[in-house]
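J.: Listed below, chain by chain, are the residues.
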Amino acid sequence: MKRNVAIIGGGQTYHAARRHDVNQVEMTNEAIRRALDDAQMRIDEIDAVLVSNMEFFEGTHMTDCWMADGSGAYGKPGIKITTGGTVGATTVCVGAHYVASGLFDNVLCVAFEKQEEGDTGAILSSVAHPLWGRSLAGAAVGYFAMMGSSYMAAWGAKEEHSAMVAVKARQNARKNKYAHLKLDITIEDALNSRMLAWPIRMLDMCPASNGACAMILADEKTAKDRCKKPVWIRAMETAHNEQFELDWRDVKTKRPIFSKVCASRIYKKLGVSDPAKYFDVFEVYEPATWAELVWYEDLGLCKPGEGFKLIEKGMTNIDGPIPVNPSGGVLSTNCIGASAMLRVWEAALQIRGDAGGHQVPKDVNRALTTAYGGTNWAVMTALSKTLD
Amino acid sequence: MTKKEKELISIPITVNVPYRFAAGKYMTKFLMELKNNGKILAIKCPKCGRVQLPPRVVCAQCHVKNDEWVELSHEGTLVAFTIMYLPLTDPTTGKPHKPPFVYGSVRLDGATSVLDHLVNIEPTMDKVWVGMRCKVVLRPQKDRIGDLSDIRCLEPLPGQKKPRG
Amino acid sequence: MTKDKAYEPFEVDQRMVAHSNYWAGEMGSRFYITLRDKKKILGVRCTKCNKTFWPPRTTCVFCFSKLDELVEIGPYGTLETFTLVTYSEPVHPRKAPFVYGIVKLDGADTGMAHFIDEVDFNKVHIGMRVKPVFAKEKKGNILDIQYFKPI
Numbered sequence: 003m004k005r006n007v008a009i010i011g012g013g014q015t016y017h018a019a020r021r022h023d024v025n026q027v028e029m030t031n032e033a034i035r036r037a038l039d040d041a042q043m044r045i046d047e048i049d050a051v052l053v054s055n056m057e058f059f060e061g062t063h064m065t066d067c068w069m070a071d072g073s074g075a076y077g078k079p080g081i082k083i084t085t086g087g088t089v090g091a092t093t094v095c096v097g098a099h100y101v102a103s104g105l106f107d108n109v110l111c112v113a114f115e116k117q118e119e120g121d122t123g124a125i126l127s128s129v130a131h132p133l134w135g136r137s138l139a140g141a142a143v144g145y146f147a148m149m150g151s152s153y154m155a156a157w158g159a160k161e162e163h164s165a166m167v168a169v170k171a172r173q174n175a176r177k178n179k180y181a182h183l184k185l186d187i188t189i190e191d192a193l194n195s196r197m198l199a200w201p202i203r204m205l206d207m208c209p210a211s212n213g214a215c216a217m218i219l220a221d222e223k224t225a226k227d228r229c230k231k232p233v234w235i236r237a238m239e240t241a242h243n244e245q246f247e248l249d250w251r252d253v254k255t256k257r258p259i260f261s262k263v264c265a266s267r268i269y270k271k272l273g274v275s276d277p278a279k280y281f282d283v284f285e286v287y288e289p290a291t292w293a294e295l296v297w298y299e300d301l302g303l304c305k306p307g308e309g310f311k312l313i314e315k316g317m318t319n320i321d322g323p324i325p326v327n328p329s330g331g332v333l334s335t336n337c338i339g340a341s342a343m344l345r346v347w348e349a350a351l352q353i354r355g356d357a358g359g360h361q362v363p364k365d366v367n368r369a370l371t372t373a374y375g376g377t378n379w380a381v382m383t384a385l386s387k388t389l390d
Numbered sequence: 021m022t023k024k025e026k027e028l029i030s031i032p033i034t035v036n037v038p039y040r041f042a043a044g045k046y047m048t049k050f051l052m053e054l055k056n057n058g059k060i061l062a063i064k065c066p067k068c069g070r071v072q073l074p075p076r077v078v079c080a081q082c083h084v085k086n087d088e089w090v091e092l093s094h095e096g097t098l099v100a101f102t103i104m105y106l107p108l109t110d111p112t113t114g115k116p117h118k119p120p121f122v123y124g125s126v127r128l129d130g131a132t133s134v135l136d137h138l139v140n141i142e143p144t145m146d147k148v149w150v151g152m153r154c155k156v157v158l159r160p161q162k163d164r165i166g167d168l169s170d171i172r173c174l175e176p177l178p179g180q181k182k183p184r185g
Numbered sequence: 186m187t188k189d190k191a192y193e194p195f196e197v198d199q200r201m202v203a204h205s206n207y208w209a210g211e212m213g214s215r216f217y218i219t220l221r222d223k224k225k226i227l228g229v230r231c232t233k234c235n236k237t238f239w240p241p242r243t244t245c246v247f248c249f250s251k252l253d254e255l256v257e258i259g260p261y262g263t264l265e266t267f268t269l270v271t272y273s274e275p276v277h278p279r280k281a282p283f284v285y286g287i288v289k290l291d292g293a294d295t296g297m298a299h300f301i302d303e304v305d306f307n308k309v310h311i312g313m314r315v316k317p318v319f320a321k322e323k324k325g326n327i328l329d330i331q332y333f334k335p336i
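Residue numbers (the numbering used here), protein chains in the order written: chain H, 3 to 390; chain B, 21 to 185; chain S, 186 to 336.
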């Protein structure tokens, strides 16, 4: 990168199913004030404000304009970003580009979703081509169900393995005061929860959450002068899939799938040969349990077909050798526009040692985060404690 | 004085936007051949040879113009499926698909791409499996409208049994 | 090579229907409830900037202070700008012709967009003094002010 970029502060809301006490901008403002406090910065020190959420999920467009008062964007440069589920991570990427370019020193990145307000099923169906599949478009659950069924058929995994992911996420969420679904559940509870679309059960899916996240990015000089624990953004990567090609769910496909392409490119940038050893913690984007198992394989944390063995052996537990989603992940909190930014922010908290109850019990020097956009592209961000 | 629970106001909004969608050259040819002649056409990339569905002008992988039309078989293999227990609404009609139903992904013989559709079969795990052979069932010609729903569903080929294991 | 068969361009008419429910939050709710129950219009004051905003909001757009001082504004106001709408569209809230304008309520520093009725189209002008007419049946939304009319 032209200039080094650090995360010098961040904040999030207490995520919940209902937030009738605040409107969209007021909810988002809670995260922004926490981020400014965390960075010990005033809004007039911010050079640009980037705002992100899902297009039209709340029945509102141009939310950056709705938010100019509460986001602090009034009179400042900045843009609205909408890249589906990845948007929070894309916004961090754009913010990092702003700073790395040398044009801006301090950039505020804002992401939110108030899922209870909109008809996400109807809006998501508009992602499907009007003449090719829209009549059959329903919800993300169907796509992840097919991912699960093909994963089981290909590798011999069982429903118990997805249940293990469901339990890990919600038990981790219980340690995270900001998480939405803090459930004290067992594998049996997960296996007995209501079937939505075989093999996806209620507890295999993410909730619909209301929440926001905000992060402040700065150049190296500001970060070193102003911040005790800057977290450095070392690499960012985005890779798109091919429109209409749904074989990304087919774990045995030979085609270069977006998630694997994205991972191999970011590893090449950083010179990573063994990601499970190189990174100390992972925050992956798993709207459904099976997605987490597929991420293990796509990220190269294990060989293809061995993802379910990682969860079986507890390797990805909060105290395991390869902790994945100690925050509880998307399975526990899904305010979609903010979910991908929460992955980056949670990873930064782990590096700072500030994750609190869900801090992983080992030194964290490097972290990797992922996100899906409409399950058609992936965005990844690599963070580190030091610049070496 | 007892404290009344605080009233909070919400405002319901419905957005209802009409639009006209142009299918474009390749999709038009695909849909018209399906509607008028019951043919399922795909397009083959001159470079990588992948047979792509639905047909589109550019091969995303090779960045070359696709121009070789291929007629696909109406039979194929199920590569993934789910039994859906949620009453998903068909956004184009506003009517729900009545659950439970089987929804699957089939690779028609000769195609590289897969096609997602409803599978007309009893929604139990004994009756459906990855690898099952299927055929497409079209609407009667007079009822076809030029949309993917002209393929009514997928149906298993007769005489198959779910493999053990 | 055989000549490609010509196909008429194929277009389909569809609709996109989406329902949403906007929660006004605590401050927004106080505005709507006060309007509905007391026929009073509230703005919010920033003492630091010496400004009164409508609609009420919890952050000052200028100084980023937290705001919580609700004050009554109006009900009289001044027409800041207007237009006479002479064509109809399905998305319009009314059939043409009608006057639509920005009213700066007395005591407020920002305007409110609303209908201007009971007005001679030839006499409507910038600077015209107006007052609200409240709806008989109130629903807790901005149309509890049915329209503004000249004083």
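Possibly wrong hints are sitting among the right ones.
List of simulated lysine-lysine pairs, DSBU-like, C-alpha gap at most 30 Å [what the hints assert, rightly or not]:
#, chain 1, residue 1, chain 2, residue 2
1, B, Lys155, B, Lys49
2, B, Lys162, H, Lys254
3, S, Lys190, H, Lys82
4, H, Lys256, B, Lys182
5, B, Lys67, H, Lys262
6, B, Lys118, B, Lys181
7, S, Lys190, B, Lys59
8, H, Lys160, B, Lys147
9, H, Lys256, B, Lys181
10, B, Lys26, H, Lys254
11, H, Lys82, S, Lys321
12, S, Lys190, B, Lys26
13, B, Lys26, S, Lys224
14, H, Lys311, B, Lys155
15, S, Lys190, B, Lys55
16, B, Lys182, H, Lys254
17, B, Lys147, H, Lys256
18, B, Lys162, S, Lys190
19, H, Lys160, B, Lys162
20, H, Lys177, H, Lys230
21, B, Lys55, H, Lys256
22, B, Lys85, H, Lys254
23, B, Lys59, H, Lys160
24, H, Lys78, S, Lys289
25, H, Lys270, B, Lys67
26, H, Lys160, B, Lys67
27, H, Lys78, S, Lys190
28, H, Lys184, B, Lys64
29, B, Lys26, H, Lys262
30, B, Lys55, H, Lys254
31, B, Lys45, B, Lys162
32, B, Lys85, H, Lys262
By construction, these hints were calculated from the structure, which means they are not laboratory data.
J.: Taking the numbered hints from earlier one at a time, note which ones the structure violates and give those numbers from smallest to largest.
T.: 2, 3, 10, 11, 12, 14, 19, 21, 23, 26, 27, 28, 29, 30
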